[in-house]
Amino acid sequence: MSRDLINDPADLSPTTAWSETKWAYTPEESLVDHRSKARICVATLLPFVDGQPDWDGFERSVRWMLQCGEYYGVELVFVLNADTGYIFELSESLYREVIERFRASFPEPTIICGTTAVGAEGDDFKAEWYRPHLDIAQSFDKVEVMIMTSRQLNQLDPEKRRDAYFEIAEDVSVPMIVHALEPSFVPWATPYEPWLLHQLAGHEKIVAGKISTLDEPHFLYWSAMCRDLGLNFTPHSGDDYGIATAIRLGSPLLIGAGVSACPLICAARDMWLHDECSDKKHGTGVGGDHFDTRVYKLFEAFQSLEDSVFRLNDAGSAAAYKHSTAACLKLLGLIASDEVHPDCTDRREGDEIARMREALRRPMKAAKLLSIPGFEM
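Mapping of the sequence shown onto my numbering: residues -6 to 370, in sequence order.
Just so you know, the hints here were simulated from the structure itself, not pulled from any lab data. Do not take every clue at face value.
[To be verified] Cut-off 25 Å, straight-line C-alpha distance, at most; resulting in silico cross-link-like pairs (PhoX-like, lysine-lysine): (1) 198 / 119; (2) 135 / 198; (3) 30 / 135.
[Claimed, not checked] What follows is a list of derived Cβ distance ranges for each label pair: (4) 112 / 66: 38 to 44 Å; (5) 101 / 198: 22 to 28 Å; (6) 310 / 159: 28 to 34 Å; (7) 97 / 60: 15 to 21 Å; (8) 56 / 347: 26 to 32 Å; (9) 116 / 60: 44 to 50 Å; (10) 87 / 66: 29 to 35 Å; (11) 159 / 223: 17 to 23 Å; (12) 306 / 209: 17 to 23 Å; (13) 336 / 283: 49 to 55 Å; (14) 45 / -3: 57 to 63 Å.
Cβ atoms here follow ideal geometry from the backbone N, Cα and C, with glycine treated the same way.
Let the hints inform the model, and build the full structure from the sequences given.
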(Lines of atoms letter the chains of each structure in order from A and count residues from 1; the text may use other names and numbers.)
(Lines give C-alpha, C1' and ligand atoms only; values in the text may rest on other atoms or scores of the structure.)
Protein backbone atom coordinates (compact mmCIF):
# COMPACT_ATOMS: atom_id res chain seq x y z
CA MET A 1 0.00 0.00 0.00
CA SER A 2 1.25 3.41 -0.89
CA ARG A 3 2.62 5.37 2.05
CA ASP A 4 0.84 8.42 0.66
CA LEU A 5 -2.59 7.07 1.56
CA ILE A 6 -4.23 8.83 4.51
CA ASN A 7 -4.62 6.66 7.62
CA ASP A 8 -4.95 9.34 10.31
CA PRO A 9 -8.28 11.23 10.57
CA ALA A 10 -6.32 14.36 11.49
CA ASP A 11 -5.08 14.40 7.90
CA LEU A 12 -8.56 14.37 6.39
CA SER A 13 -9.95 17.52 4.85
CA PRO A 14 -13.53 18.21 3.73
CA THR A 15 -12.49 17.56 0.14
CA THR A 16 -10.55 14.32 0.72
CA ALA A 17 -11.83 11.52 -1.51
CA TRP A 18 -12.14 7.92 -0.30
CA SER A 19 -9.60 6.90 -2.93
CA GLU A 20 -7.02 8.97 -1.04
CA THR A 21 -7.44 6.92 2.15
CA LYS A 22 -6.32 3.44 3.17
CA TRP A 23 -9.92 2.54 4.09
CA ALA A 24 -10.88 2.43 0.42
CA TYR A 25 -8.43 -0.43 -0.10
CA THR A 26 -9.30 -2.67 2.86
CA PRO A 27 -10.36 -6.10 1.57
CA GLU A 28 -13.65 -7.54 2.71
CA GLU A 29 -11.87 -10.70 3.89
CA SER A 30 -10.11 -8.77 6.66
CA LEU A 31 -13.47 -7.59 8.04
CA VAL A 32 -15.29 -10.96 8.10
CA ASP A 33 -17.06 -11.78 11.38
CA HIS A 34 -18.77 -15.12 12.13
CA ARG A 35 -19.82 -14.24 15.69
CA SER A 36 -21.66 -10.90 15.83
CA LYS A 37 -25.46 -11.25 15.95
CA ALA A 38 -26.24 -7.99 14.21
CA ARG A 39 -29.79 -6.79 13.72
CA ILE A 40 -31.74 -6.71 10.48
CA CYS A 41 -33.71 -3.50 9.99
CA VAL A 42 -36.48 -4.07 7.45
CA ALA A 43 -37.62 -0.99 5.58
CA THR A 44 -41.30 -1.87 5.91
CA LEU A 45 -43.58 -1.52 2.92
CA LEU A 46 -46.83 0.42 3.30
CA PRO A 47 -49.16 -1.48 0.95
CA PHE A 48 -52.13 0.05 -0.87
CA VAL A 49 -55.37 -1.25 -2.31
CA ASP A 50 -57.89 0.90 -4.20
CA GLY A 51 -55.77 3.95 -3.42
CA GLN A 52 -55.94 3.50 0.37
CA PRO A 53 -53.50 1.93 2.85
CA ASP A 54 -53.99 -1.82 3.18
CA TRP A 55 -53.77 -1.98 6.96
CA ASP A 56 -54.62 -5.68 7.13
CA GLY A 57 -51.83 -6.45 4.68
CA PHE A 58 -49.47 -4.14 6.55
CA GLU A 59 -50.07 -6.00 9.81
CA ARG A 60 -49.93 -9.42 8.14
CA SER A 61 -46.59 -8.68 6.48
CA VAL A 62 -45.08 -7.37 9.72
CA ARG A 63 -46.29 -10.41 11.64
CA TRP A 64 -44.76 -12.67 8.96
CA MET A 65 -41.40 -10.91 9.28
CA LEU A 66 -41.51 -11.10 13.07
CA GLN A 67 -42.07 -14.85 12.85
CA CYS A 68 -39.05 -15.14 10.55
CA GLY A 69 -36.84 -13.31 13.01
CA GLU A 70 -38.09 -15.29 16.00
CA TYR A 71 -37.60 -18.61 14.20
CA TYR A 72 -33.95 -17.89 13.46
CA GLY A 73 -33.13 -15.90 16.58
CA VAL A 74 -32.47 -12.70 14.61
CA GLU A 75 -33.31 -9.27 16.01
CA LEU A 76 -35.67 -7.53 13.63
CA VAL A 77 -36.14 -3.78 13.79
CA PHE A 78 -38.88 -2.20 11.70
CA VAL A 79 -38.17 0.91 9.68
CA LEU A 80 -41.37 2.91 9.28
CA ASN A 81 -42.05 5.89 7.04
CA ALA A 82 -38.84 5.64 5.05
CA ASP A 83 -38.61 5.35 1.27
CA THR A 84 -40.28 1.90 1.23
CA GLY A 85 -43.03 3.47 3.32
CA TYR A 86 -43.49 6.39 0.88
CA ILE A 87 -42.22 9.08 3.23
CA PHE A 88 -42.04 11.62 0.41
CA GLU A 89 -45.75 11.15 -0.33
CA LEU A 90 -47.08 10.92 3.25
CA SER A 91 -49.18 13.60 4.90
CA GLU A 92 -48.27 14.29 8.52
CA SER A 93 -51.51 12.63 9.66
CA LEU A 94 -50.75 9.43 7.72
CA TYR A 95 -47.15 9.54 8.94
CA ARG A 96 -48.48 9.44 12.52
CA GLU A 97 -51.15 6.85 11.75
CA VAL A 98 -48.58 4.38 10.42
CA ILE A 99 -46.71 4.48 13.72
CA GLU A 100 -49.89 4.40 15.81
CA ARG A 101 -51.23 1.35 13.99
CA PHE A 102 -47.89 -0.43 14.20
CA ARG A 103 -47.58 0.20 17.92
CA ALA A 104 -51.18 -0.87 18.58
CA SER A 105 -50.46 -4.28 17.09
CA PHE A 106 -46.75 -4.62 17.89
CA PRO A 107 -45.78 -2.87 21.14
CA GLU A 108 -42.42 -4.59 21.63
CA PRO A 109 -40.13 -4.22 18.58
CA THR A 110 -37.80 -1.27 18.21
CA ILE A 111 -38.78 1.00 15.35
CA ILE A 112 -36.71 3.35 13.24
CA CYS A 113 -38.73 6.27 11.89
CA GLY A 114 -37.61 7.99 8.74
CA THR A 115 -37.66 11.78 8.84
CA THR A 116 -37.21 14.26 6.04
CA ALA A 117 -37.65 17.94 5.24
CA VAL A 118 -41.37 18.71 5.42
CA GLY A 119 -42.39 21.64 3.24
CA ALA A 120 -38.87 22.31 1.99
CA GLU A 121 -38.64 24.93 -0.73
CA GLY A 122 -36.07 27.16 -2.33
CA ASP A 123 -32.33 26.54 -2.09
CA ASP A 124 -31.48 27.48 1.51
CA PHE A 125 -31.48 24.69 4.10
CA LYS A 126 -33.56 24.97 7.29
CA ALA A 127 -33.24 22.44 10.09
CA GLU A 128 -36.76 23.29 11.24
CA TRP A 129 -38.14 21.38 8.23
CA TYR A 130 -37.24 18.14 10.05
CA ARG A 131 -39.11 19.02 13.25
CA PRO A 132 -42.63 17.87 12.25
CA HIS A 133 -41.47 14.31 11.65
CA LEU A 134 -39.12 14.35 14.63
CA ASP A 135 -41.86 15.58 16.96
CA ILE A 136 -44.23 12.82 15.85
CA ALA A 137 -41.65 10.02 15.90
CA GLN A 138 -40.20 10.94 19.28
CA SER A 139 -43.62 10.89 20.92
CA PHE A 140 -43.50 7.08 20.75
CA ASP A 141 -41.48 4.57 22.79
CA LYS A 142 -38.64 2.31 21.62
CA VAL A 143 -37.87 4.54 18.67
CA GLU A 144 -34.82 5.67 16.76
CA VAL A 145 -34.90 8.32 14.06
CA MET A 146 -33.24 8.22 10.66
CA ILE A 147 -32.39 11.59 9.16
CA MET A 148 -33.06 11.11 5.48
CA THR A 149 -31.51 13.52 3.09
CA SER A 150 -33.24 16.32 1.23
CA ARG A 151 -32.12 18.30 -1.81
CA GLN A 152 -31.28 21.41 0.20
CA LEU A 153 -29.31 19.38 2.77
CA ASN A 154 -27.47 17.33 0.17
CA GLN A 155 -26.31 20.30 -1.89
CA LEU A 156 -24.39 21.84 1.04
CA ASP A 157 -20.60 21.58 1.04
CA PRO A 158 -19.19 19.06 3.56
CA GLU A 159 -18.61 21.55 6.39
CA LYS A 160 -22.03 23.17 6.08
CA ARG A 161 -23.62 19.75 5.69
CA ARG A 162 -22.02 18.64 8.96
CA ASP A 163 -23.26 21.78 10.68
CA ALA A 164 -26.76 21.15 9.32
CA TYR A 165 -26.82 17.61 10.75
CA PHE A 166 -25.60 18.94 14.08
CA GLU A 167 -28.37 21.55 14.05
CA ILE A 168 -30.97 18.85 13.35
CA ALA A 169 -29.51 16.84 16.23
CA GLU A 170 -30.42 19.62 18.66
CA ASP A 171 -34.05 18.52 18.30
CA VAL A 172 -33.27 14.80 18.69
CA SER A 173 -33.67 13.04 22.04
CA VAL A 174 -33.46 9.40 20.86
CA PRO A 175 -30.74 7.46 19.00
CA MET A 176 -30.08 9.17 15.68
CA ILE A 177 -29.12 7.50 12.40
CA VAL A 178 -27.83 9.47 9.43
CA HIS A 179 -28.50 8.32 5.87
CA ALA A 180 -26.38 8.79 2.78
CA LEU A 181 -27.29 7.54 -0.66
CA GLU A 182 -26.39 7.81 -4.31
CA PRO A 183 -28.20 8.82 -7.52
CA SER A 184 -29.53 5.29 -8.19
CA PHE A 185 -32.15 6.08 -5.55
CA VAL A 186 -32.43 9.88 -5.76
CA PRO A 187 -30.88 11.72 -8.74
CA TRP A 188 -29.31 14.55 -6.73
CA ALA A 189 -27.98 12.44 -3.84
CA THR A 190 -24.28 12.00 -3.05
CA PRO A 191 -22.53 9.72 -0.52
CA TYR A 192 -20.49 11.14 2.35
CA GLU A 193 -16.85 12.05 1.99
CA PRO A 194 -14.52 10.41 4.57
CA TRP A 195 -14.11 13.68 6.48
CA LEU A 196 -17.88 14.13 6.80
CA LEU A 197 -18.43 10.54 7.90
CA HIS A 198 -15.75 10.90 10.59
CA GLN A 199 -17.27 14.17 11.79
CA LEU A 200 -20.78 12.72 12.04
CA ALA A 201 -19.53 9.53 13.71
CA GLY A 202 -18.01 11.61 16.48
CA HIS A 203 -21.29 13.28 17.51
CA GLU A 204 -22.70 11.89 20.75
CA LYS A 205 -26.26 11.63 19.45
CA ILE A 206 -25.39 10.02 16.11
CA VAL A 207 -25.04 6.32 16.86
CA ALA A 208 -25.23 4.86 13.36
CA GLY A 209 -25.50 5.54 9.67
CA LYS A 210 -27.07 3.88 6.67
CA ILE A 211 -25.27 3.95 3.35
CA SER A 212 -27.37 3.17 0.27
CA THR A 213 -25.14 2.71 -2.75
CA LEU A 214 -25.45 0.32 -5.68
CA ASP A 215 -22.39 1.32 -7.71
CA GLU A 216 -19.47 1.71 -5.28
CA PRO A 217 -18.58 -0.21 -2.08
CA HIS A 218 -19.05 2.67 0.34
CA PHE A 219 -20.29 0.28 3.02
CA LEU A 220 -16.84 -1.34 3.01
CA TYR A 221 -15.21 2.09 3.26
CA TRP A 222 -17.39 2.98 6.24
CA SER A 223 -16.81 -0.39 7.92
CA ALA A 224 -13.05 -0.24 7.45
CA MET A 225 -12.77 3.28 8.86
CA CYS A 226 -15.06 2.67 11.84
CA ARG A 227 -13.34 -0.58 12.87
CA ASP A 228 -9.84 0.74 12.32
CA LEU A 229 -10.45 3.87 14.37
CA GLY A 230 -12.73 2.24 16.96
CA LEU A 231 -15.51 4.73 16.33
CA ASN A 232 -18.66 4.52 18.44
CA PHE A 233 -20.76 4.44 15.29
CA THR A 234 -22.37 1.46 13.56
CA PRO A 235 -22.54 1.37 9.76
CA HIS A 236 -25.80 -0.16 8.47
CA SER A 237 -25.74 -1.44 4.91
CA GLY A 238 -28.41 -0.13 2.59
CA ASP A 239 -26.90 -1.91 -0.43
CA ASP A 240 -29.66 -4.09 -1.85
CA TYR A 241 -27.20 -5.40 -4.46
CA GLY A 242 -24.73 -6.60 -1.82
CA ILE A 243 -26.79 -8.05 1.02
CA ALA A 244 -24.35 -10.87 1.73
CA THR A 245 -21.53 -8.43 2.43
CA ALA A 246 -23.15 -7.13 5.61
CA ILE A 247 -23.93 -10.68 6.74
CA ARG A 248 -20.32 -11.73 6.17
CA LEU A 249 -19.10 -8.69 8.12
CA GLY A 250 -21.47 -9.35 11.02
CA SER A 251 -22.97 -5.90 10.43
CA PRO A 252 -26.54 -4.60 10.50
CA LEU A 253 -28.65 -4.37 7.38
CA LEU A 254 -31.18 -1.60 6.81
CA ILE A 255 -32.82 -2.49 3.52
CA GLY A 256 -36.06 -2.66 1.57
CA ALA A 257 -34.93 -6.11 0.41
CA GLY A 258 -35.47 -7.25 3.99
CA VAL A 259 -39.20 -7.28 3.21
CA SER A 260 -39.33 -9.37 0.04
CA ALA A 261 -36.69 -11.89 1.18
CA CYS A 262 -37.06 -11.79 4.96
CA PRO A 263 -37.03 -15.57 5.68
CA LEU A 264 -34.04 -16.12 3.42
CA ILE A 265 -31.98 -13.30 4.90
CA CYS A 266 -32.77 -14.40 8.46
CA ALA A 267 -31.79 -17.98 7.58
CA ALA A 268 -28.54 -16.80 5.99
CA ARG A 269 -27.67 -14.74 9.06
CA ASP A 270 -28.20 -17.85 11.19
CA MET A 271 -26.18 -20.11 8.86
CA TRP A 272 -23.26 -17.67 8.76
CA LEU A 273 -22.80 -17.73 12.54
CA HIS A 274 -20.60 -20.39 14.12
CA ASP A 275 -22.45 -22.97 16.17
CA GLU A 276 -21.72 -21.54 19.59
CA CYS A 277 -23.56 -18.38 18.51
CA SER A 278 -26.18 -19.84 16.24
CA ASP A 279 -29.37 -21.80 16.73
CA LYS A 280 -28.98 -24.77 14.39
CA LYS A 281 -32.09 -26.66 15.43
CA HIS A 282 -33.95 -25.49 12.34
CA GLY A 283 -32.16 -27.75 9.93
CA THR A 284 -30.04 -25.16 8.14
CA GLY A 285 -26.88 -26.24 9.94
CA VAL A 286 -24.89 -29.43 9.94
CA GLY A 287 -24.11 -29.64 13.65
CA GLY A 288 -20.78 -29.84 15.45
CA ASP A 289 -18.31 -27.06 14.79
CA HIS A 290 -18.63 -27.13 11.01
CA PHE A 291 -19.45 -24.24 8.75
CA ASP A 292 -22.52 -24.63 6.56
CA THR A 293 -21.21 -23.76 3.09
CA ARG A 294 -24.71 -23.94 1.64
CA VAL A 295 -25.10 -20.37 2.85
CA TYR A 296 -23.20 -19.23 -0.26
CA LYS A 297 -25.88 -20.71 -2.54
CA LEU A 298 -28.52 -19.06 -0.38
CA PHE A 299 -26.70 -15.74 -0.82
CA GLU A 300 -26.86 -16.21 -4.57
CA ALA A 301 -30.52 -17.23 -4.54
CA PHE A 302 -31.89 -14.26 -2.64
CA GLN A 303 -29.57 -11.86 -4.43
CA SER A 304 -30.93 -13.05 -7.77
CA LEU A 305 -34.40 -12.04 -6.54
CA GLU A 306 -33.31 -8.64 -5.28
CA ASP A 307 -31.41 -7.90 -8.48
CA SER A 308 -34.82 -8.11 -10.18
CA VAL A 309 -36.67 -6.21 -7.46
CA PHE A 310 -34.10 -3.39 -7.60
CA ARG A 311 -33.44 -3.47 -11.35
CA LEU A 312 -32.61 -0.13 -12.94
CA ASN A 313 -34.92 1.57 -15.40
CA ASP A 314 -33.82 3.39 -18.54
CA ALA A 315 -32.91 6.43 -16.43
CA GLY A 316 -30.66 4.35 -14.16
CA SER A 317 -33.05 4.52 -11.20
CA ALA A 318 -34.03 1.66 -8.87
CA ALA A 319 -36.73 3.71 -7.13
CA ALA A 320 -39.60 1.57 -8.49
CA TYR A 321 -38.43 -1.31 -6.26
CA LYS A 322 -41.46 -0.49 -4.09
CA HIS A 323 -43.78 -1.70 -6.84
CA SER A 324 -41.73 -4.88 -7.25
CA THR A 325 -41.73 -5.47 -3.49
CA ALA A 326 -45.51 -5.17 -3.39
CA ALA A 327 -45.76 -7.70 -6.22
CA CYS A 328 -43.61 -10.16 -4.23
CA LEU A 329 -45.73 -9.77 -1.10
CA LYS A 330 -48.91 -10.24 -3.11
CA LEU A 331 -47.52 -13.48 -4.57
CA LEU A 332 -46.59 -14.60 -1.07
CA GLY A 333 -50.22 -14.05 -0.04
CA LEU A 334 -49.44 -11.28 2.43
CA ILE A 335 -51.08 -8.24 0.83
CA ALA A 336 -54.04 -7.80 -1.49
CA SER A 337 -52.55 -5.73 -4.30
CA ASP A 338 -49.28 -4.63 -5.87
CA GLU A 339 -50.47 -1.01 -5.96
CA VAL A 340 -48.12 1.79 -4.94
CA HIS A 341 -49.05 5.02 -3.19
CA PRO A 342 -51.40 6.87 -5.57
CA ASP A 343 -49.08 9.91 -5.62
CA CYS A 344 -45.90 7.88 -6.23
CA THR A 345 -44.57 8.02 -9.78
CA ASP A 346 -42.08 5.16 -9.25
CA ARG A 347 -43.91 2.33 -11.04
CA ARG A 348 -42.88 -0.60 -13.19
CA GLU A 349 -44.19 -0.96 -16.71
CA GLY A 350 -45.80 -4.19 -17.89
CA ASP A 351 -46.88 -7.18 -15.84
CA GLU A 352 -44.84 -6.92 -12.64
CA ILE A 353 -46.65 -9.85 -11.03
CA ALA A 354 -45.45 -12.13 -13.84
CA ARG A 355 -41.93 -10.68 -13.62
CA MET A 356 -41.73 -11.29 -9.88
CA ARG A 357 -43.26 -14.77 -10.14
CA GLU A 358 -40.35 -15.68 -12.38
CA ALA A 359 -37.81 -13.98 -10.08
CA LEU A 360 -39.14 -15.94 -7.08
CA ARG A 361 -38.52 -19.37 -8.61
CA ARG A 362 -34.87 -19.71 -7.68
CA PRO A 363 -35.10 -18.42 -4.08
CA MET A 364 -38.20 -20.55 -3.48
CA LYS A 365 -36.29 -23.60 -4.67
CA ALA A 366 -33.48 -22.72 -2.23
CA ALA A 367 -36.00 -22.26 0.58
CA LYS A 368 -37.44 -25.70 -0.09
CA LEU A 369 -34.02 -27.35 -0.22
CA LEU A 370 -32.99 -25.73 3.06
CA SER A 371 -36.35 -26.23 4.81
CA ILE A 372 -36.79 -22.47 5.27
CA PRO A 373 -40.43 -21.89 6.29
CA GLY A 374 -42.70 -19.05 5.23
CA PHE A 375 -41.43 -18.53 1.70
CA GLU A 376 -43.86 -19.99 -0.80
CA MET A 377 -46.68 -18.77 -3.02
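We went through each hint and held it up to the structure:
1. 198 / 119: OK: residue 198 and residue 119 at ~19 Å, within 25 Å.
2. 135 / 198: holds (16 Å)
3. 30 / 135: holds (20 Å)
4. 112 / 66: 38 to 44 Å: Holds, since residue 112 and residue 66 (Cβ atoms, about 43 Å apart) stay within the stated range.
5. 101 / 198: 22 to 28 Å: Roughly 24 Å apart at Cβ, these two residues keep to the hinted range, so it holds.
6. 310 / 159: 28 to 34 Å: holds (31 Å)
7. 97 / 60: 15 to 21 Å: holds (19 Å)
8. 56 / 347: 26 to 32 Å: holds (27 Å)
9. 116 / 60: 44 to 50 Å: Since the Cβ atoms of residue 116 and residue 60 sit about 47 Å apart, the hinted range of 44 to 50 Å holds.
10. 87 / 66: 29 to 35 Å: holds (34 Å)
11. 159 / 223: 17 to 23 Å: holds (22 Å)
12. 306 / 209: 17 to 23 Å: Given a distance of about 20 Å, which is inside 17 to 23 Å, the answer is holds.
13. 336 / 283: 49 to 55 Å: Roughly 52 Å apart at Cβ, these two residues keep to the hinted range, so it holds.
14. 45 / -3: 57 to 63 Å: This hint holds: roughly 59 Å between Cβ atoms.
Checked against the numbered hints given earlier, the structure satisfies every one of them.
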